[in-house]
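Note that the protein sequences, when read in sequence, are chains V and W.
Residues 1 to 574 in the UniProt record's numbering are what the first sequence spells out, letter by letter.
Residues 1 to 174 in the UniProt record's numbering are what the second sequence spells out, letter by letter.
Among these hints, one or two may not hold up.
To be verified - Derived SDA-like pairs (lysine to any residue); straight-line CA-CA distance at most 20 Å: (1) V:Lys329 with W:Val91; (2) V:Lys310 with W:Val91; (3) W:Lys94 with V:Arg180; (4) W:Lys94 with V:Ser199; (5) W:Lys94 with V:Gly159; (6) V:Lys182 with W:Arg118.
Stated by the list, open to error - So the derived label-pair ranges between C-beta atoms look like this: (7) W:Met1 with V:Glu338: 45 to 51 Å; (8) W:Gln122 with V:His426: 44 to 50 Å; (9) V:Gly472 with W:Ser123: 56 to 62 Å; (10) W:Ser123 with V:Arg417: 24 to 30 Å; (11) V:Ser445 with W:Ser123: 30 to 36 Å; (12) V:Thr148 with W:Gln131: 32 to 38 Å; (13) W:Gly73 with V:Ala311: 40 to 46 Å; (14) W:Leu174 with V:His426: 46 to 52 Å; (15) W:Glu32 with V:Gly324: 36 to 42 Å; (16) V:Gln151 with W:Ser123: 23 to 29 Å; (17) W:Leu174 with V:Ala277: 40 to 46 Å.
Note that these hints are calculated values from the structure, not bench results.
All C-beta atoms in this analysis are idealised placements derived from N, C-alpha and C, irrespective of residue type, glycine included.
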Amino acid sequence: MQALTIMHADDADEMDTQLEAEMEAALAESATPSPPNETSSTAAAPLEESTPPPSEHTRTDGSSAVGTRQKRPRPRQHASGAHEPVSPPLPPSAAPLPPWASASASDDDVGYMWGMNIVTGRMMEEDSSRAKPRHEETSAAAAPERKTLVQLSYGSYRGVQLSSSELRRIKAQECAQMLRQKKLVLVLDLDHTLLNSISLHELVDPKLQAALRERYEQGPPSQGREAAEEGDASPKENHAEAAGSAVSTEKAGGVEGEGDASEAAAGGRDPLLHFLADIHMWTKLRPSVHDFLRGAAEHFELYVYTMGTKAYAARMVTLLDPHGELGLKDADRVIGREDSTAGYMKGLDVVLGSDRTILILDDSPAVWPNEGSRLLVPRRYIFFPTPGGKHEQRGHLMSGTDEGEHDQLHHLLRVLREIHAHYFEHLLPTASPLHAADDCPNVSSSVSSVRRRVLAGQRLLFTHVIPLQQQGTPEAHAAGRLAIELGATIALDTSPEVTHVVAGADNTDKVKWAREKGIPVVSVEWLYSCGYLWAKVEEARYPISSQTAGAESRDFDQMRLLPPPQLWPQMADE
Amino acid sequence: MFFYIEMERDLLLLPQHFGPNINRYLRDKLIEKVEGSCSGRYGFIICVTEVKKIGKGRIREGAGLVTFPVKFGAVVFRPFKGEVLDAKVTVVNKLGFFAEVGPLSVFVSKYLIPTDMRFDPQSNPPSYVSQVSDEQPMRVTVASEVRLKLIGMRIDASEIFAIGSIKEDYLGVL
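Only chain V is shown next, with the shape it has when bound in the complex (with noise of 0.2 Å):
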């Protein structure tokens, strides 16, 4: 029998120590010339076979794998050539890193799991402590860099602390590879971009859950006559039962609403209206939104950044993505809220893709402050009625509606398409080789470009839009400024090039002008309609509106155009 005593594991660790001391000293020597070559890691080799202190061992391991990427292909090394003798040719596109990555990648700013450092495994206190007698004069300035740990916690990487240069290396890596696969990143946002959900406390009205019950059996109401006409019985039967009071027949459907998707549509309910009993909620997806996950997943690696919680994001992928086949499944690529470094905002840190090559796709840029024209906003997806406040909006469930199958995300699709293809075809070759991953080509000047296209070629003339004092500089407001994103330009008076008479109010001098030269007359809605759908919409079907319901619904839409404000506490409602 054989007592444990910790005295030893300390003593041992006392060797290490003195022993990682002179070892340093010795591979210092040997480890100057700045590319690691063999010579270093042979060197290095009986060291390591006499006593190996684990953690310097690791440490000349770690500088020459930046070498060994940095460099040609070469032999594999010793450490681990146990099982093929033959060493394996890098991939020939394999990019080198950028020189910081190479220079800078000592183990102390890798980064921490479960607060020992991933490289060395030392302690984390112990890491700070060693770095003091370093840089004594610049111990205040090494202070505040331990801070800049980026702490992710969601899916695998739950504890994980990357350092910044880490985190920066990390996404140069995925960039270059990224491009090697002719792939970009999509960030989605959930509610009110690809779905809506309501909770079943927030279902008090009586007619709202009518309404509700109705839709989740006839289906939506463009297929709602065939449904009905299809399954006469049994839609009948539930209607009488629904009929009863209505916090059971909510249990009812819940258990049916449990069922599989495919089943839910072949009984000619909508098929994207679901209800989980298990979180106690009514989701909406919208329309066409499985072609456009599947189609976006071909060009895109998809990450899913909410507000909601995570719980419920990972209840909301199982809907989008039932079988897996966009990669959402696996939790490292859904972010909740609880994972965001900054209270009620997005921010791009804890995505492990490179920013230059990330799309966002949210129906509120407030919560992405600082992304600029890589942020793609959709129209809100209001299909629950939103209760009280200014924003009152019935939805689609009330109005009996819903978005057609080749609305927002149809037009969507297509151009993540188009900018995808921009980018490849256009911005990389001409871009510094893709070795230089640090400056791979932005995509946020492709995302322009194509969203130039959208009226590229058309004059507008504003009437009644924007206010007399700004009438000067067009692009001081939130309509010029949108006219001018898509490509159009500004007339600022009648002229025979003028396209588009878009106008606030009727009968002013210009919509009559415009009458008489047959020049389309349309609303503002229709420029925001482009905008949102990044096409040249039909004019016919944006008139001049009433003036008070034009009034309204265009300070909604301007307010979410303008810049957003730092800090926005509505947003949290997600």
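Dock chain W against chain V, hints included.
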């Protein structure tokens, strides 16, 4: 490493268990309490093999509960820095992989995976693969068995975590 050691624990027993079966109660309670637990000092207690001695109980004033000091022998698993262990991979991601050595979680970062093994995000579940042109590729993926070496450990009062490496001779996929 596994050890057989003797330990002592104080067990609290409710008065309702006082009776002919008191020894069995104490034994059950001991097993329930210590097996599978982890102490920073002794590591993970795998199995209680025998109860050596049950000392004199002391009645807690005012409560009626009795504290028994119990001496027992147990097999413990105490990982050490530098120890080589076989582990089962549980999660693979861009930063490395997690593996389990029984109750011990080990993280192996990509810096401690041989440099010729590259992360393959296409595979499902994700994996680290070494591409050797003419051979079956070596693949570290979920449920793979790997031999790894512990290079760092965090020992808390009731938890042990470790950082491992497979970037050395005779380490890697089994």
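Against the structure, the hints come out as follows:
1. Distance restraint check for Lys329 (chain V) and Val91 (chain W): the Cα-Cα separation of roughly 14 Å lies within the 20 Å cut-off, and the hinted pair is therefore satisfied.
2. Between Lys310 (chain V) and Val91 (chain W) the CA atoms are separated by roughly 19 Å; this keeps the pair inside 20 Å, and the hint holds.
3. A distance of roughly 17 Å separates the Cα atoms of Lys94 (chain W) and Arg180 (chain V); the hinted pair therefore holds under the 20 Å criterion.
4. In summary, the hint linking Lys94 (chain W) to Ser199 (chain V) is not supported, as the alpha carbons are separated by about 35 Å, beyond the 20 Å threshold.
5. Distance restraint check for Lys94 (chain W) and Gly159 (chain V): the Cα-Cα separation of roughly 14 Å lies within the 20 Å cut-off, and the hinted pair is therefore satisfied.
6. Between the alpha carbons of Lys182 (chain V) and Arg118 (chain W) the distance comes to roughly 18 Å, so the proposed pair stays at or under 20 Å and holds.
7. A C-beta distance of roughly 38 Å is found between Met1 (chain W) and Glu338 (chain V), which places it outside the suggested range of 45 to 51 Å.
8. Between Gln122 (chain W) and His426 (chain V) the beta carbon distance is about 27 Å. The supplied range of 44 to 50 Å is therefore violated.
9. For Gly472 (chain V) and Ser123 (chain W), the Cβ-Cβ distance of about 59 Å falls inside the hinted range of 56 to 62 Å, so the restraint holds.
10. A C-beta distance of roughly 26 Å is found between Ser123 (chain W) and Arg417 (chain V), which places it inside the suggested range of 24 to 30 Å.
11. For the pair Ser445 (chain V) and Ser123 (chain W), the beta carbons lie near 33 Å from each other, so the given range of 30 to 36 Å is met.
12. Between Thr148 (chain V) and Gln131 (chain W) the C-beta distance comes to about 35 Å, which sits within the given range of 32 to 38 Å.
13. The hinted range of 40 to 46 Å is satisfied by Gly73 (chain W) and Ala311 (chain V), whose Cβ atoms lie roughly 44 Å apart.
14. Range check, Leu174 (chain W) to His426 (chain V): Cβ separation about 49 Å, and the 46 to 52 Å hint holds.
15. Between Glu32 (chain W) and Gly324 (chain V) the C-beta distance comes to about 39 Å, which sits within the given range of 36 to 42 Å.
16. Roughly 28 Å separates the CB atoms of Gln151 (chain V) and Ser123 (chain W), a value that falls within the hinted 23 to 29 Å.
17. Checked against the hint of 40 to 46 Å, the pair Leu174 (chain W) and Ala277 (chain V) passes, with Cβ atoms roughly 44 Å apart.
Going through the hint list in order, the structure does not satisfy hints 4, 7, 8.
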